[in-house]
Structure formats: C-alpha cells, structure tokens
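2 protein chains.
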Amino acid sequence: MKSIQIELRQLNKNLHKMIATENPILYSAAKQLFNARGKRIRPTIIFLISKLINENEIISTEQKRLAEITEIIHTASLVHDDIIDNCDTRRGTETVHTAFNNKIAVLAGDFLFAQSSWYLANLNSLNVVKTISKIITDFAEGEVKQGMTAFDYQISIDSYIEKSFYKTASLIACSCKATTILNQSSQNIQNDFYLYGKHLGLAFQIIDDILDLTGLSKDLGKPAGSDFINGNLTAPLIFTLNKKPKLKKMIDQEFQFKEHINEAINTIKNTNSIQKAKDIAEEHIQLAIHIIKSKHSYTNNRELLLVTHYLLNRIN
Amino acid sequence: MKSIQIELRQLNKNLHKMIATENPILYSAAKQLFNARGKRIRPTIIFLISKLINENEIISTEQKRLAEITEIIHTASLVHDDIIDNCDTRRGTETVHTAFNNKIAVLAGDFLFAQSSWYLANLNSLNVVKTISKIITDFAEGEVKQGMTAFDYQISIDSYIEKSFYKTASLIACSCKATTILNQSSQNIQNDFYLYGKHLGLAFQIIDDILDLTGLSKDLGKPAGSDFINGNLTAPLIFTLNKKPKLKKMIDQEFQFKEHINEAINTIKNTNSIQKAKDIAEEHIQLAIHIIKSKHSYTNNRELLLVTHYLLNRIN
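Taken in order, these protein sequences are the chains called A and B.
Quick note, the first sequence lines up with residues 946 to 1261 if you use this note's numbering.
Quick note, the second sequence lines up with residues 946 to 1261 if you use this note's numbering.
Calculated from the structure, these hints are not laboratory results.
A couple of the hints might just be wrong.
Each pair may be met inside one copy or between any two copies, as identical chains are not told apart.
[To be verified] Here are the simulated DSSO-like pairs of lysine-lysine, each with C-alpha atoms no more than 30 Å apart in a straight line:
#: 1; residue 1: Lys1079; residue 2: Lys1009
#: 2; residue 1: Lys1188; residue 2: Lys1075
#: 3; residue 1: Lys962; residue 2: Lys1238
#: 4; residue 1: Lys1214; residue 2: Lys1238
#: 5; residue 1: Lys1075; residue 2: Lys958
#: 6; residue 1: Lys1194; residue 2: Lys958
Every value quoted in this text rests on a predicted model; they were computed, and no experiment measured them.
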C-alpha cells in the first residue's frame, strides 16, 4: 500500500524504540520478534481507517501510536501462543526444550503486554484504554476455548467461529473502534468500525486456517497442518468430518502418526470443504465491505476496500 | 488487623466476582489461586494508608478497587513466576501449572493481567493507570535480571537489592502511590508514600528470602531452600560466600545434589549472615517508619506502624 509506506517504515523504527530496555536478553528476544517480517496487517488497517475518517486524510500521532501498540499486543500474544503450542507438541513428540527459553518467552510476552499498557495509558484516553484492554482478556479466553476443544471432533462450526472471534477478530475489531474513538467519532461510527473489524478479523482467521492446509511450508513459516498437530480443528476439517468418518479416528489418535496429517489434508482437499470455508470468509468480507461502502459517504475508501479484498485473495 | 476485617472479607468476595468468566477451566484456575490463603499484605497496606490519609478514616470505593487490582496483579505474577521457577506448590497448594498445565498457567496469568488492566481503566484515573502499568514492566525486568544472575556467585548485594526492587518493591511502592493519587494528595505526599512502599517492599523481600532458609516447609507453603534450587542467590548466601568458598562449588553444580541444599543452609546459619540480612531489612523498615512518623502529622498512624513492624517480626 503505497500511500502509507512512510508510516509503515516509521512504525518499524518506533517499535524498536518502544521495546527498548536495559536488559539485553529481553531486548534481543523482543527485537527478534519485530525483525521477523510481520505482515503488519493490523497497523495497515488502522492507518487506512484513520485516513478515511480524519479530515485531510491525516493520520494523527495518537493513531500512529495506537497502530504500534496493537502490533506490540499482537506480538506479545504470539510469544505466549508459541509456548502454549510448544507444550502441545511436546506432549506428542517429547521435544526437549530448555526451561530457559520458556522462561524468557513468558517474560518477554509479559514485558510486551506491560509496555503496551503503559503506552496505551499515555494516549490519554480512558475510553481507548478500556476498549483495548478487552482484547487481552478475549485473547486468553479464546486460547482456553481452543485448549478445551483440542482434538474434540464434536466441535461445531459455531464454536469454531466464536473461538476465532476471541483469538483474532476481537483485536482487530477493538483497534478499529479505538481508531475512531481517537478521532472523536460518534458512537454510531465507533460501532460500525467495530463490526467492520470483527468481520474482517473472522475472515482473516478462516483464511489463515485454510492456508495452513493449502500453503507451502516456506510461505507459512511453519509446517503445513500445524493446526491439526496442535489439536486445533479448523473449518475445512469440521466440514469434512461427517463425510469422512475416518478422520475422527485420526483426531482421536491426536494426529500422532505423521502420515495422518497428509492423509487428512488430502481427504479434505478431495471434498468441497475448503470452498465452503472460503465461502464463509467471503461472506464476512462482504459484510465488512458493506459497512464501509454503504453506511458512510467515504469517497476515499478505495484503499481500505483494496486491503479488505486482498485478505480474501491470499487464497486465490 | 481488626479495623479492616470487614474490608478484607469483602475483598475476598469481590476477587471471586472479578475473575468470573464463562470459561470453567480458567475460572477454576483463578479460583484456586485466590482460595489459597494469601496473606493479603498488599491490600492491607492500601487500606491502612487510605484510612491514614482520607478524611474520617474512610476507605473510598476506588481505593478498595485498587486493593483488589493489586492483589490480582500480584497473583498473576505468581502464576507466571511459578512456570518460570518450575515451582510445584505455592501457598501450600498445588500451583496452576502442576494442577492444570503450562498452557493454562500462561493463559490464566494473561487473563488476570488483562482483567486487572480493565478494572484499572475503570478507576477513571489515567495517572493511576500509568503508575500501575509500570509495575508489570518492572516485574518482567526483575524476573529476567533474576534469570541472568541465576547460579552466578559473583552477584553483588547491590544487584540483589535492585532485583528485589523490580520483583517486589515496585508493586508495593506504586500501589502506595496510587492510593494517594486516588485521594488527590499532593505530589509530595505521593512521593513520600512511594518511598514508604519501596522500603517496605525491599524489607519484605529480604525477610521472605531469610524465611526460605529458616522457616518450616509447612509455614512457607514450599520446601525450604527453594530459592537456591532455582539459582536465586539471596542476601544470606551472598554474605556467606566469601567466608565459605565451598558454597561456590555447590552453586557451580547448581545445587543438583539434594544434600547440598541442607549443607548450604547449615553453613549459612553458622555465620552471622542471616543477622546481616536482617539488619538490612531492619534499616529499610526504619526508613519506611521514618517517612510515616516524621514527615506528616498523622495522629492515627498506629496501625500502619504496627503492620510495618509486623513484617519485620515475622522472622523473630
């Protein structure tokens, strides 16, 4: 997205400053995280919404800071997420990972959450603090929901969607809302952008889950089928279960046989389940687009619509 | 402390309400933590300071909520601390990561931190949010400092004190300060109570570390010498190192031989090191008392002084 290239570059620089700490280990753990080429999707959306709703398409200092905070929270959640998923993997394969890494990971996550709280408070809007602090409780609830339904093939598509809301969509919805709060937008606009973010976030998670099956390992940054190994049963699998009862057995055995992962992926690919999952993602994208297009007379909505479409097109 | 018995009872009730979540696992993990008989020292201090500085010795609703938030943050830090230290029992009961697993423990901690942020924002004082969010960054820095100096017998008493500040005293100092902010106290009073909390917190940590050597397992709620097993070299050990070089060898071997723990404790007890550590704690207690006694004309300071003394007397 050309129009926000300068802002994204500045964001990367600021992220490094914001996580500065005297502590070399904590710093290098945090730095490594931000160096890894994240897609910066959350900041991109915040920037584009800011340009859409602010006068003269300007992104305010507070909105830029919000974008940074959102990226820090997202990164913190990834760190803790990794510990959680490593634990699951360890259960099946007895991977030895040293206590030291776990230790630093717990702390680096705590440190990032805490830094984000501090910067958040310094935005000087209690309303924004309230909106954003909701994200972390939702994240924790979402991960626990995921833990509770791990390897449970009775999971419904509704609880899959609910889980995805807590895990992913809440963060995007709340940061979209916070962007409008910082612009002193009306309650109506705040709610609309909350909903926009919610639908976008849900589509984003569904697409991510499809990519876990159809993507190449090197693009994903993790082996294909990682979700299944961790017991995370996603939309394409849920849609296939009734047609292919053999999958239930593999789930019961917690995908401990490596060949079962590929077999499950192939079984899913031979049905229309991936298309069905795509359709749900598409529906949410359409709902998100509808809000931007019809409810407000934003003439400059082209870029936000482009990004919204882009998220869907990742799988095409 | 009779005068705040009702408030403490109400605090226990409220804590259960505040951590309510639809999620049964998260809830039972959190409940287990709050059921375990904590000493409620942090809330006690907040209540007593409130009574000292407020008119008519009333504790305001916001100050009561602050006490609850402080206890939640403290508990959240304990959960993550236990993962880091691989500690199996806490407050006499199983820790969350033993009773459940690492996964739930990471999330339960995140959930509690997030809940506390949310309640904090709803105190409607940005100044308090800023003061309290400092605690969690300090906590993470303190734990990493501890990790970096684990089993390092070159640790100085100064870095031991610095570590204790980040780990323990910062929380008490910041919550004492926040109590005064909620009373719209002057900057001077805010700073004084910050210092009071800081000295009290340092004394508290030093005494806790002494008790880890001299206490009985059942009183401690964890085995004696736990600090050493985790590589946490505390004041009494640091003071003994130069006199008894044999200890250095045990540290190098990371106390992997169980008999070394008892031998180290006995070696320390045969010197004046415990007394020297006590002396430092006593100094900090005196500094804390000095602030309450001399700098302000609080006539009703008896109870706060009693608690301050009590913390020291735990080891006598």
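So, going through the hints one by one against the coordinates:
no.	hint	verdict
1	Lys1079 to Lys1009	both (20 Å within a copy, 22 Å between copies)
2	Lys1188 to Lys1075	neither (45 Å within a copy, 55 Å between copies)
3	Lys962 to Lys1238	neither (37 Å within a copy, 42 Å between copies)
4	Lys1214 to Lys1238	neither (34 Å within a copy, 76 Å between copies)
5	Lys1075 to Lys958	both (27 Å within a copy, 24 Å between copies)
6	Lys1194 to Lys958	neither (49 Å within a copy, 45 Å between copies)
When each numbered hint is compared with the structure, violations occur for hints 2, 3, 4, 6.
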